[in-house]
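There are 2 protein chains.
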Amino acid sequence: MSEAALVQATIGDSEFDRDTAVTRRAPGVYDIDLSAGWTIINAVNGGYLLAVLGRALADTLPHGDPFTISAHYLTASEPGPAVVRTDLVRTGRTLSTGQASLLQYDDQGREVERIRVLASYGDLDELPDDVRTSAKPPAIPPLDQCFGPADAPAPVPGSSAITDRLMLKLDPSTLGWALGSPSGKGEMRAWFGLADGRDADPFSLLLAVDALPPTAFELGLSGWVPTVELTVHIRCRPAPGPLRISITTRNLAGGFLEEDAEVWDSADRLVAQSRQLARVRL
Amino acid sequence: MSEAALVQATIGDSEFDRDTAVTRRAPGVYDIDLSAGWTIINAVNGGYLLAVLGRALADTLPHGDPFTISAHYLTASEPGPAVVRTDLVRTGRTLSTGQASLLQYDDQGREVERIRVLASYGDLDELPDDVRTSAKPPAIPPLDQCFGPADAPAPVPGSSAITDRLMLKLDPSTLGWALGSPSGKGEMRAWFGLADGRDADPFSLLLAVDALPPTAFELGLSGWVPTVELTVHIRCRPAPGPLRISITTRNLAGGFLEEDAEVWDSADRLVAQSRQLARVRL
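Chains as they are written, first to last, in the working numbering: chain A, 285 to 566; chain B, 285 to 566.
Since the hints were derived computationally from the structure, they do not count as laboratory data. Treat the hints with caution; some may be incorrect.
Unchecked claim - Restraint ranges, calculated between C-beta atoms of paired labels, are given here: (1) 360(B) to 315(A): 32 to 42 Å; (2) 389(B) to 414(A): 36 to 46 Å; (3) 435(A) to 305(B): 55 to 65 Å; (4) 415(B) to 467(A): 17 to 27 Å; (5) 348(B) to 415(A): 41 to 51 Å; (6) 377(A) to 445(B): 26 to 36 Å; (7) 423(A) to 391(B): 50 to 60 Å; (8) 317(B) to 525(A): 47 to 57 Å.
It should be emphasised that the depicted structure is a prediction, and the values quoted were computed from it without experimental measurement. A virtual CB, placed ideally from N, CA and C, is assigned to each residue, including glycine.
Using the sequences and the hints given, assemble the complete structure.
Okay, structure coming up:
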């Protein structure tokens with residue numbers, strides 16, 4: 285864990301908040317310096333990038349909470365300067381919709397679009413309390429019986445900077461891949477938090493859904509599983525405390541797979557659901 | 285079933301193809317007359333509208349098959365004239381990405397945006413044959429033991445024009461709602477085809493994922509369940525013959541629910557997966 289963990293960080297004053305902060309240069313134009321601190325293997329984590337886009341949209345739209353956000357990943361982002369452009373698509377009473385693009389510049393100064401997003405925002409605090417969720421929280425052993433990167437030689441090749449910023453403890457029964465014997469089941473379960481102790485909010489949930497090792501590892505595949513598209517539904521403002529996350533894959537075929545994530549908070553609420561389409565090398 | 289069913293229609297020459305055909309007026313600008321034939325209750329079916337947008341994007345992009353398409357529904361579409369505007373976002377070797385908007389005009393001739401879409405297209409015929417799907421097809425009784433609108437007094441209030449164009453046979457075990465005793469389970473299963481016998485293709489799959497009665501009916505809720513966002517993954521070109529579709533809801537809470545659809549073809553391939561976020565009146 286990073287030194288920041290020695291001091292409990294709070295929502296609005298944490299590594300994650302600083303590294304996802306966008307600066308409005310003009311209406312609908314935001315500057316951001318993409319941090320190298322959220323990279324894994326050779327990639328900037330797609331959930332971190334989605335949180336950056338999500339924060340720019342929250343500044344642009346009349347509503348502040350992402351209810352559903354759909355991102356299509358176009359080219360690989362790199363740490364360093366980037367620009368977010370946003371557009372207000374529609375303003376409604378309870379929901380507003382916006383669009384955003386993350387842009388970087390190549391050696392010749394040409395604009396390269398990294399990610400394009402459509403999102404509908406609302407106010408989570410305005411939702412009725414009615415809960416009829418039939419899904420059950422994932423069965424994960426207690427935190428102290430789960431394992432993180434610090435407990436083993438880094439199972440992931442290349443950069444693992446992001447692991448210093450996460451409290452990620454994997455269910456041993458989904459850790460076979462790290463020990464050379466993947467289960468063959470397309471499932472990964474973990475306890476999740478931010479290393480500096482910052483509690484979860486809707487923006488860190490956008491990071492959480494893409495923060496576990498890919499299910500492809502437990503399916504016996506290795507290497508990068510680049511996201512083509514990722515859609516996240518934020519259904520409830522998460523309660524303080526660690527989150528439980530399960531990701532599952534049921535359709536590995538034709539060089540692609542889906543990854544469904546469920547994020548549960550300490551109050552046993554299913555606070556986020558996501559699905560992504562990703563490429564695999566078969 | 286409509287009279288068209290007396291003659292087996294083919295892909296490219298069917299009611300569905302005619303009603304989703306867009307006419308290019310200029311590069312990236314398409315005219316379409318939204319058919320009243322695909323309405324249910326008071327709404328134009330969201331899957332039919334997605335197919336219209338999908339066909340315009342197929343004309344705009346260098347690749348012809350939707351791999352993943354994300355639609356945010358802004359305002360309720362009406363039968364009649366509409367315009368689709370498309371933009372090419374990025375061209376890649378195996379995938380290209382585009383954006384599209386469906387527009388109609390109000391009494392004062394003002395443009396009103398109905399739906400905005402982001403999509404990544406490819407070529408399904410270029411995908412490797414490798415299939416490691418762990419999901420299983422839904423257990424649905426044989427077609428002749430399932431029931432459609434023709435077998436009962438229309439269970440859905442208001443318009444049911446779309447039912448004339450579909451071969452939709454529901455699993456009796458998910459029909460409790462139609463008999464006044466909903467199961468309480470958020471699941472709906474059915475055999476699906478087009479009434480005129482046209483086989484499925486990637487565009488009719490965009491219709492299929494949104495064509496069953498809402499799971500909310502089996503959860504004891506009634507009335508319209510408007511879609512906020514719908515994302516569809518097309519994973520394989522469907523084999524000829526009827527499709528089996530299951531839709532499930534696991535998180536009805538706070539006035540919203542998710543609806544996950546799986547579409548299986550006659551060759552037992554999971555050809556499409558979708559998830560939508562919809563509003564419910566609790």
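Taking the hints in turn, this is what the structure says about them:
no.	hint	result
1	360(B) to 315(A): 32 to 42 Å	38 Å, holds
2	389(B) to 414(A): 36 to 46 Å	38 Å, holds
3	435(A) to 305(B): 55 to 65 Å	59 Å, holds
4	415(B) to 467(A): 17 to 27 Å	19 Å, holds
5	348(B) to 415(A): 41 to 51 Å	43 Å, holds
6	377(A) to 445(B): 26 to 36 Å	30 Å, holds
7	423(A) to 391(B): 50 to 60 Å	57 Å, holds
8	317(B) to 525(A): 47 to 57 Å	54 Å, holds
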